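As a plain string of letters, each chain reads:
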Amino acid sequence: MTIIVTVIGIIAFAIAGPIIGCLLAGLDRIISARMQGRVGPPLLQPYYDVRKLFSKENASVNTSEHAYILFAFIFTLVAGGVFFSGGNLLLSVFLVTLSSLLFIVAAYSSRSPYSEVGAARETLQAMAYEPMLYLMCVAFFMASGWFDVAGVFFLDAPAITTAWLAFLGFLFVLTIKLRKSPFDISMSHHAHQEIVRGVTTEMSGPTLGLVEVMHWCENVLFMGWVAMFFIWSNPLSIVLAVVVVLAVYFLEIWIDNNFARVKWQLMLKSAWAVALVAGGLNVAVLAYL
Amino acid sequence: MELVASLIVVPVVAALLLLAIKNDRARDVIAIAFAALIALLSIAFAVVFAGPGTYEFALPAEWGHPLSLVNLAIDLTVAIFVVCYAVRYKRPLALGLAALQIVVALWFEFAVQAGAEFSTTMRVDALGVVMVLIIGIVGSGICVYALGYMKDFQAHELHGNPQARDRRPWFFAIMFAFLSAMFNIVLVDNMAWMYTAWEVTTLCSFLLIGFTKSEEAINNAFRQIVMNLLGGVAFQFSLVYLGVFGLPLSFSTFVEIGSAFPALVMLPVTLLAFAGITKAAQMPFHTWLLGAMVAPTPTSALLHSSTMVKAGVFLLVKLSPIFAVSLVPSVMVVLVGGLTFALCSFMAISQSNAKRVLAYSTIANLGLITACAGVGTPEAVWAAILLIIFHAVAKSLLFLCVGTAEHHIGSRNIEDMDLLFERMPRLARFMMLGIMCMFVAPFGMLIAKWATLVSFVETGNVALIILLAFGSAATFMFWAKWLGKLSGIAGEPQNVELTVHKSEWAALLLMAGLVCVTCVLLPVMSSGLVVPYVQTAFRYGGQDISDGNLWIAAICAVLVILMLFAGLGRSSKQKRVDVYLAGASADNAARTFRGSLSAPVEATSRNLYLDGIFGEARIAPVGSGVCIVIMVAAIAWAAAVLPSML
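For the record, the sequence lines run as chains A and B.
Here the first sequence stands for residues 1 to 289, where the numbers follow the working numbering.
Here the second sequence stands for residues 1001 to 1646, where the numbers follow the working numbering.
Here chain A stands alone, though its shape is the one from the complex:
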């Protein structure tokens, strides 16, 4: 039964994820442009970009890179399917980790020094955000009583009421997960900067297109993690959750445009400190009070 529901979820997410993610990305570019005093591209510009990537010649530095990326994409879809079909939150987090691991290995497999530096930094980023992610899941469970996301629809009060500290901590590492400045150290959106293009240096054409679509889907999934904190048995809470998601996304864009990139040392230390304080404290309060 779980499997059938999950498969339906995966199919739905495979269709809706890229569409919503593409629109979010387009919105991101327009808002960023306005913040920088530019007009910005049309809303569907990310779609045009990816369509162009898919029409390009299929060239690559080795045969494995594309396979890794393809499987990274598949597991992102599975993670999204598990989450949006109301499945287990931890399972969806673990599958996203698998997907980011395959993304990292794809970069390593090219053996380009720039990719390798990017991959090493991406590994550091994963290590920086993981403790907070786990603690976020634990706090969500302790606040709601469910690891299954579908449980939120039975709650009398949303999880945010008791897990707000962990939620704030999660927002902090969300900036790393979205690869927004000041934490865009593994692959900056600006190719002229120090490590060329980091993880994706050697990815081109359809492979790069797939990476883009994967990131859209990831962003939608992460926004789902944000939304689950604001939903309870009242159906109107879904509207609230959507509003919060848009506000959070706007906040991330604002941060992206207003902070200079930090070094990895600061990222690791700050993310772990936030995890320990926000995550640890929230979990302790929920466990003992």
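Check before you lean on any hint, since a few could be wrong.
To be verified - Derived DEER-like restraints, expressed as beta-carbon distance ranges:
| no. | chain 1 | residue 1 | chain 2 | residue 2 | range |
| --- | --- | --- | --- | --- | --- |
| 1 | B | G1053 | A | L251 | 56 to 62 Å |
| 2 | A | I8 | B | G1053 | 36 to 42 Å |
| 3 | B | A1636 | A | I3 | 49 to 55 Å |
| 4 | B | Y1540 | A | R34 | 55 to 61 Å |
| 5 | A | R34 | B | A1584 | 37 to 43 Å |
| 6 | A | A59 | B | G1160 | 45 to 51 Å |
| 7 | B | G1053 | A | V239 | 54 to 60 Å |
To be verified - Computed footprint of chain A on chain B, listed as stretches where at least three residues anywhere in the stretch have a Cβ under 8 Å from a Cβ of chain A:
| no. | segment |
| --- | --- |
| 8 | 1335-1344 |
| 9 | 1439-1452 |
| 10 | 1464-1478 |
| 11 | 1552-1561 |
| 12 | 1595-1607 |
For the record, the hints were derived by calculation from the structure and aren't laboratory data.
Since this is a predicted model, take the numbers as computed values, not measurements.
Even for Gly, the Cβ is constructed at its ideal location relative to N, Cα and C.
Following the hints, put chain B in place on chain A, whose structure we already have.
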């Protein structure tokens, strides 16, 4: 009964035969035949005894007395062996501990236990079945692997010193004797007998670690024996306690009494937990396992995966019903295990020696198993048993891979494993499979960690939750960068894996197959082997992750395995391009490019080791210090309540 007896006797016969045989071919045939026999016996054993409930067997009562003498004789022989070595190499500490053991053993046998009946009961439950399968299949697989490995090893020895004596008969005899001792530990109910087998495994690993007789090997072997003799003495004291208070020396009764009246057995449980912690190489005793890597690689594989350290966690898991109700030993085990997990995962980041990374990862995972056992709820024990299973198969695969790679690329440094994906394509894939099984969903270790997290959350164990969260993040880092190193592809370097021995491939294939099967059939394994044990020990099953989720993970595991073995490295008509080197590429495989003066420049990159943050020098003293304080405090506490009992 015949099956139980043959599991114990067959490896001993194999050991004696192999000790006598000097010929290579004969050794191959006999070792492979016995390894296959032991594996088949364990499978037959599993078929007969799998499922809920326990089975007890005992020899006729008149066997009791002679066997008790045999038991004492083995016990003394082990101690005298250690005494001889300690005298020969002038190690007073080892000498003192072994002498103390002899005195206590004699006093215990002839004063405390005089006239008491010696129980010959063997007790089989589902956990015993799991352990028998691990020892019988993984352990004997490693023995087969050792055949090929030790040929290369011997050739290397002869290369350095043409007069080097061929000591392989000794090596293989110990390997098989080790298996027999392990079968004893997991099947026997009489604690005096279990203690003897416990000491035999200590001695066997001492001999295996010191096998090369280099100065480093001898030093590390003595470090191992001192630490484990400490545990042995603690084990012995708990036996004495039981004897003095007139409690039976039956392990199952001990656990029953302990869970009903925890105060009565607080001291012996704490001492036994301490013994388990020493054997499971928890901080501060982790240094003996790190030192063990001077031994030939099959030894490490055996110590890390199916024997020795697994005896330690086996004992702790068996004791977990008592931990569930007894605060002091539980807190000790939980904290030492949790700290060891997090800190050893951190230290693994700073290591570039592959065997050392594996050793730290073993210690860390044993820490997690220890912590689960200490929590003592059915859910935690379910997770602990799965961790034991997956750690055994994945870690043996990894050690065997590293051993083979070392013989063919001449290094065990991860930085030298660059391009292994092309130089040893099959081996690199096995290694990648093993690594992924160790730390990432949807493979077994992570599913077990998932259950661990859930069980910690359910018991509200905040310290453990935090240690697990940070330790897991570090785990991701050190495995991912190793995996990345393996995956590099450039040009067409020479394939060097064509000279790998057939027996090595056979063992590697066996382990890789076991990893795949156990990961994919996890739900079946849970309901067939793990839940039955937890049910017998705790009244309910303890599986905390729904079957549906387990099957989703299993399907994902199939996908990843397909990707590794069918999806990667296939030739295609895709256009090949050079990597970007910020200059015209000169030789893509060597990563050289033409610099601004048009001279070839080589681009190099190394992985991050973050020694300044996660270095051993920073972390080890703190971790060891804290763990020592915890254990001293726990044992002192347990001893302090003793007078009120009298």
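Determine which of the earlier numbered hints do not hold for this structure and return their numbers in increasing order. 8
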